[in-house]
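With the hints as your guide, set chain R with the ligands onto chain F.
Residue numbers (the numbering used here), protein chains in the order written: chain F, 1 to 521; chain R, 1001 to 1521.
For the record, the hints were derived by calculation from the structure and aren't laboratory data.
None of these values were measured; they are calculated from a predicted model.
Treat the hints with care, as some may be off.
Stated by the list, open to error - Quick look at which bits of chain F chain R covers, simulated, 3 or more residues with Cβ under 8 Å:
1. 102 to 115
2. 122 to 129
3. 262 to 268
4. 451 to 459
C-beta: ideal position from N, C-alpha, C; glycine also.
There are 2 protein chains.
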Amino acid sequence: MEITRRNFKESLGAVYGAVEEADFLAIDGEFSGISDGPSVSALTNGMDTPEERYAKLRKHSMDFLLFQFGLCTFRYDQAQSKYLTKSFNFYIFPKPFSRTSPDIKFICQSSSIDFLASQGFDFNKVFRSGIPYLNQDEEAQLREQYEERRNQMNGSGTPSYISPLSGKGPVNVPDEHKDFINRVVEKVEALLNNSEKTVDLEPCSGFQRKLIFQTLNWKYPKGLHVETVETEKKERFIQVSKVDEEERRRIEQQKQEREQEELNDAVGFSRVIHAISKSGKLVVGHNMLLDVMHTIHQFYCPLPEELDDFKEVTMCVFPRLLDTKLMASTQPFKDLITNTSLAELEKQLKEKPFKAPKVGCSEGFQCYDTAAEQLHEAGYDAYITGLCFVSMANYLGSFLTPPRAHISARSKLIEPFYNKLFLMRVVDIPYLNISGPDLQPKRDHVLYVTFPKEWKTSDLYQLFSAFGNIQVSWIDDTSAFVSLSQLEQVQIAMNTSQYAESYRIQTYADYMQSKQKSTSK
Amino acid sequence: MEITRRNFKESLGAVYGAVEEADFLAIDGEFSGISDGPSVSALTNGMDTPEERYAKLRKHSMDFLLFQFGLCTFRYDQAQSKYLTKSFNFYIFPKPFSRTSPDIKFICQSSSIDFLASQGFDFNKVFRSGIPYLNQDEEAQLREQYEERRNQMNGSGTPSYISPLSGKGPVNVPDEHKDFINRVVEKVEALLNNSEKTVDLEPCSGFQRKLIFQTLNWKYPKGLHVETVETEKKERFIQVSKVDEEERRRIEQQKQEREQEELNDAVGFSRVIHAISKSGKLVVGHNMLLDVMHTIHQFYCPLPEELDDFKEVTMCVFPRLLDTKLMASTQPFKDLITNTSLAELEKQLKEKPFKAPKVGCSEGFQCYDTAAEQLHEAGYDAYITGLCFVSMANYLGSFLTPPRAHISARSKLIEPFYNKLFLMRVVDIPYLNISGPDLQPKRDHVLYVTFPKEWKTSDLYQLFSAFGNIQVSWIDDTSAFVSLSQLEQVQIAMNTSQYAESYRIQTYADYMQSKQKSTSK
Ligand SMILES: Nc1nc2c(ncn2[C@@H]2O[C@H](COP(=O)(O)OP(=O)(O)O)[C@@H](O)[C@H]2O)c(=O)[nH]1
Ligand SMILES: Nc1nc2c(ncn2[C@@H]2O[C@H](COP(=O)(O)OP(=O)(O)O)[C@@H](O)[C@H]2O)c(=O)[nH]1
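Next up, chain F with everything else stripped away, as it sits in the complex (with noise of 0.2 Å):
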């Protein structure tokens, strides 16, 4: 099912419902890049600490836009032995929605957009007519807003600062704009004391537009209703209408609820993150490290800058996660899959010793076919990344005595995979863990090399030609993390290296130490 701003309100309730009765939730995001730095590589260094590829994340990918939202919940139905699915493929665009709101920038990569544009990404619908959103302290910025106004309509003026103007007793209008305040009460006057029931103000600036309000909350506590009004050309007047007590107490209440639905409306997409979060259901995601910041960035809170406190809001807004990148590189699934790119996967998946999962599609839902491959939709995407965990989860249950075919996503045959977020590229940690500490691989054998950046990957093979099998992990084009195969070699390589000119050689543990040193000056 395809959303965007014509059909989100009418929609969110299957949305709700979906999301309320599944057993598990499938996930994807599609952003309009994913590296602001020369290169991707810059981003995905070999020998990364967690904390360092989430800075570098954080720093450099967070600025991107995410603009499509694939869900796909999946609801095991026991009569027909078989998950019931729903897919929703959200796009999302953050358009401003009011004069004052936040205008949002965001970087386009070329080289995604080409991709997408090349996968048939329908870039129109996204700009047309993506799904507007806030994140937690937008809205309650904009709550507060209208709060601030409501008292200052009501003559109650709470106002957050103090300005020479304020105060009680009469307004203090600038000489510049006596007249015209006079012309205002003048005309007000006349339709206290004529038959009409409402006058149009003409338009004038938004400063003339509070002196208006001022001046007749003062000098009409009772009687008057008084309006902003827009016109077509966005040209702001304001409407002054005689009323009686009850009339004005009603339109105040339906000035209200409106304005509680433009809240609404403006929280937008963010409402249906609010409700994958308050499932707390399982949610499934592919490589999904970047779709979780993504998430927590544009529709919560901008992301924090230590890695644990980045752990800790996750697990408030997504308490548990699982990646299938992850779980189909780890045993017994490593040894039996040699592709986890998504669509590799979900292929592999179907054949011995794994079973396809039976699906079906709900009723009034949009059927995918595997077969057509509707890759990088993110819709798509969500739901074979959800077939593929169900495949693989099915295959645990392979291992009970009696084998079991269908294993539900809350058995603890899954808990190991819990919270553990493929890290892309890091030769010796697997994961990020969400909800712990990260494993800390040994690094005695790892040299930091600096060199002339002539120099290429066979010229550091020639340089550690005698110490037999080396990795090669590039910084930049004048640096890179050298892992000798064994270790008693690290210190003879450094010892070589001692009269070199060319190049020069560090212990990962002495860098880590210069690095951490002039971070912190």
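Below, chain R with the ligands alone, put in the same frame as chain F:
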């Protein structure tokens, strides 16, 4: 005429022809945003100096993408006494043309995107079919890359660096690749001894491909053609063919031609700008400073830091510019024209004392109907900008004795408006003078005021109420320039402020001096 990368090459002749025959050109650009600062107004302070304004636009506007470029050519047809126009609407997108080409990142501003979306702008055309481009450095770099690669293939290798591996003689193949390379050599030996024409090697890494090239070049300096081929799945493998010298030369010639074409394709839309530039024709725009900056930045070179250098570059690229917004804001038009925004201007310039210019569109070109108002399509905006220019130019002819109905784009009457680009919202400097020094208005009556962020414009009016009429130019929420109407009162205001605690006043001169000091530190 709509031009995307699907029809760019076949349309280029028509574009060149239109520029060639034109009397003048009108241009307009659409961008993915205007300001990456907190608000557009942060970009346009009423008291900016030309240097400050340029620096701000350079810093806060150039990371947006110019993604639609409108060009409308105007040729005066003596026989019909009217202009014939050709209008082109180019969609532009920096599609990376190879794995090693720059991966451009650009910013989008939600409000700008939303605005364009509301006008029916087709983002899919930009992102799926936009014409690529290179600036001059990138073009030179790519040309060099091609040449270097060609030299390497020929074995005459003049690589731009010296690495321990290069040099004459047998190739230094790292141990772990020796088996692989030996197998390749065996395959090539087999090829030379059998009746096949070519052999495809298995896909391998870039480093391995380099080793293969070096080895085969060294072992078989003649009789072989070695080439990297890409499969549909973007896998790269090497193809080796038996060839005699003549065939080899022919293949290389073809390859060179193909590369020249690839280079042209990569330079893409920049070729249109080069043609406009080379033509030396008058280029007309409306409020065109940002258009000019973006055009130079995207298609020539990153903008220079200093305003004077920018002026110099601009004069090289566009030797004659004319801004219709500036023209309309200058006498004799200033007194006749109340609203200089493009759409309004176009309407007013059809009415007395002006005359709607006589135009027709050239054969084979779509005619815009100004009644249909396709505003904010760059091709249309360029078209009506041209109309505005013609109408104003002709109006100047009415002052001649005898009056003339048609004034050419080369007339002396137009010269006073050359190379003066409208400066938005600067109160006392109407334009940026591209071909000379800028106006230097006195700012003795201007005060720089800082205050608590709760203050509003009205507080400033209040504060200066004793000094007559003032003009406020907000800088940010705790500072503003306040212009007094009488010079004598500057000293009085300064004296009054001496003991104030909540606010502070400096003269404009003092402020500029301390600002310069702090930035030159
Ligand atoms: N000097 C030099 N730098 C390299 C070489 N290969 C990679 N790099 C640098 O290391 C970074 C990471 O490279 P890599 O991990 O191979 O990823 P990729 O280049 O983005 O595909 C690159 O962006 C380069 O700056 C090389 O052969 N020589
Ligand atoms: N403290 C305060 N700051 C203001 C006020 N009006 C404008 N500003 C600040 O000055 C900047 C420029 O304001 P302005 O020129 O009116 O443009 P706009 O607010 O973007 O429409 C704004 O971004 C605000 O930071 C005001 O009444 N009080």
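So which hints don't hold here, by number, going up? 3
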